[in-house]
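Now for the letters of each chain:
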Amino acid sequence: MLITQLKAKETIVSLAAGKKVFIINCHGCKEVHFPEAEADELEKELAKAGNVTGIITTDYICNPDNMKLRLEAHKSEIDAADAVLVLSCGVGVQTVAAYLEDKKVYAACDTYPLPGFQGVTPLEYNCDQCGECYLNLTGGICPITACSKSLVNGQCGGAKNGRCEVDGDMECGWERIYRRLAQVGRLDALKCPTQVRNFATDDATSK
Amino acid sequence: MKITEAFERGEFVVTAEVGPPKGFHIEHVLEEAKTYLSGITAVNVTDNQSSVMRLGSLATCKALKDEGLTPIFQLTCRDRNRIALQSDLLSAAMFGIENLLLLTGDHTKLGDHKAAKPVFDLDSVSLIHTVKQLESGVDLGGNELVGEPPKFAKGAVVSPCSDSVDAQLAKMERKVAAGCDYFQTQAVFEPEKFIQFMEKAKQFGKPVQVGIIIPKSAGMAKFMNNNVAGIHVPDEMIEELKADKEKTKAGITGVEIAARIIKECKPYCQGVHIMALGWESKVPDLLKAAGI
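Listed in order, the protein sequences are those of chains P and R. Numbering follows my numbering, with no gaps: position 180 of the first sequence is 180. Numbering follows my numbering, with no gaps: position 36 of the second sequence is 36.
Bear in mind the hints are in silico, worked out from the structure with no lab data behind them. You may find that some hints are simply not true.
What the hints assert, rightly or not - SDA-like, lysine to any residue: derived pairs with alpha carbons at most 20 Å apart:
(1) 216/R <-> 281/R
(2) 109/R <-> 188/P
(3) 117/R <-> 167/P
(4) 200/R <-> 179/P
(5) 114/R <-> 166/P
(6) 117/R <-> 148/P
(7) 191/P <-> 132/R
(8) 103/P <-> 166/P
(9) 114/R <-> 170/P
So here's chain P without its partners, still in its complex pose (with noise of 0.2 Å):
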């Protein structure tokens, strides 16, 4: 089981700040715990100011061709919008950003593990479960599972042709985030302070 978590109200604000955004919600598995009231106030927040082109309420977005099917209803709303918000565990996030490759696309859920069984995760995006989801600031595509040593601020000197030192099948997460930040330009990204990770947080809720 996992739950997913808003991030705090004042990230969120400032991700969606100045933005047009479309917004995504995902309901999909029964074994995720999602913020529904919480999500549904904030979104009407949102939408009050002006800048939301579309709220979608949908499920297993982290099945690729689900999601396209379901994305594809709303082009002209995620056309008109400088970026997607999507509420959904870290699978679901990644799949919307590798779909829509030239959008920015933000994470508003921090995802978190509980012992029993996992939601639908298929395909090649992991999520980690990590409960500090790093994905708005490495476009959509997660340091943590995509980099065989979890780095989070930055490849290290090992990648040999894009290739990870780990893995030579496995091409360097890095050099992927890397790209994908320069494609939306979001390079500033990476002037973000030095992260350090809290490890706590796992057992701070499965506790």
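Fit chain R to the given chain P structure using the hints.
This is chain R only, laid out in the frame that chain P set:
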């Protein structure tokens, strides 16, 4: 002495590195360092380099210091969590070791204990941040240190000939923002790439030492091209190493090549860092040939 003092004096700073042995008998390492490296500014001691278990970097630094050399304590995040890293930093300060080179470290899968748990609790950037915090008298947990806080010259690495040099520059900028004082680079065999890199890196205003490996053979050059990140030995250099096998074996060709690279890079950087990889005895000849 802090290496930063030499940079501040405007010296072209020379450092070299030694690797501790797999065992605790260190006489040979100390003897070589005293014989060949006593004229240079400081000596790096690698930290379980390439994830191969060896004698500790900190203990070797202390032994070098006792012999009158200035050590640079290399510290990686692969084998220790933030508690052990900070504890070793305080131990270094107690020994009077003032120079650090702070690295993420190679993955355990590259070394001789492939089943080991890789730690990476911190990384190179957050480790620099941690040292900076200790220097302010507070540890990473926010607790006050007892007595005068330590002060270090904080070094880090960057890979100027990497095929993702822009991402390397972005990381370099994060290291500067976290408090890095100086940089040593991955080995350079393409001076023109290094010069282009320095054009962009000089905006950070931190001293950079060009990294140099003395090429020992054409085989070694090809091995590095296939296996070592950020290193490309051009074909003409490989040909040069092939041309006269005896001359190459004696180290003369390698020293000529390395001296040429140093001379070409020198106007654009603030020092040189030599990774002799067992050829410490060639360092004096190299420096002479490079006119340093």
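These are the hints, each one checked on the structure:
1. The straight-line distance between the Cα atoms of residue 216/R and residue 281/R is roughly 13 Å, inside the 20 Å bound, and the hint therefore holds.
2. Proximity of residue 109/R to residue 188/P is assessed by CA-CA distance (about 33 Å); at most 20 Å being required, the pair is judged violated.
3. Straight-line distance between C-alpha atoms of residue 117/R and residue 167/P comes to about 16 Å, which keeps the hinted pair within the 20 Å bound.
4. With a C-alpha separation of about 19 Å, the suggested pair residue 200/R and residue 179/P falls inside the 20 Å cut-off, and the hint holds.
5. Taking the CA atoms of residue 114/R and residue 166/P, the gap is about 11 Å. The hint holds against a cut of 20 Å.
6. For the proposed pair residue 117/R and residue 148/P, the alpha carbon gap of about 12 Å is at most 20 Å, so the pair holds.
7. Taken as a hint, the residue 191/P and residue 132/R pair is honoured in the structure, with Cα atoms around 18 Å apart against an allowance of 20 Å.
8. With a CA separation close to 31 Å, the supplied pair residue 103/P and residue 166/P exceeds the 20 Å bound.
9. For the hint linking residue 114/R to residue 170/P, the alpha-carbon distance of about 18 Å falls within 20 Å, and the restraint holds.
Violation of the numbered hints given earlier is confined to hints 2, 8; the remaining hints are satisfied by the structure.
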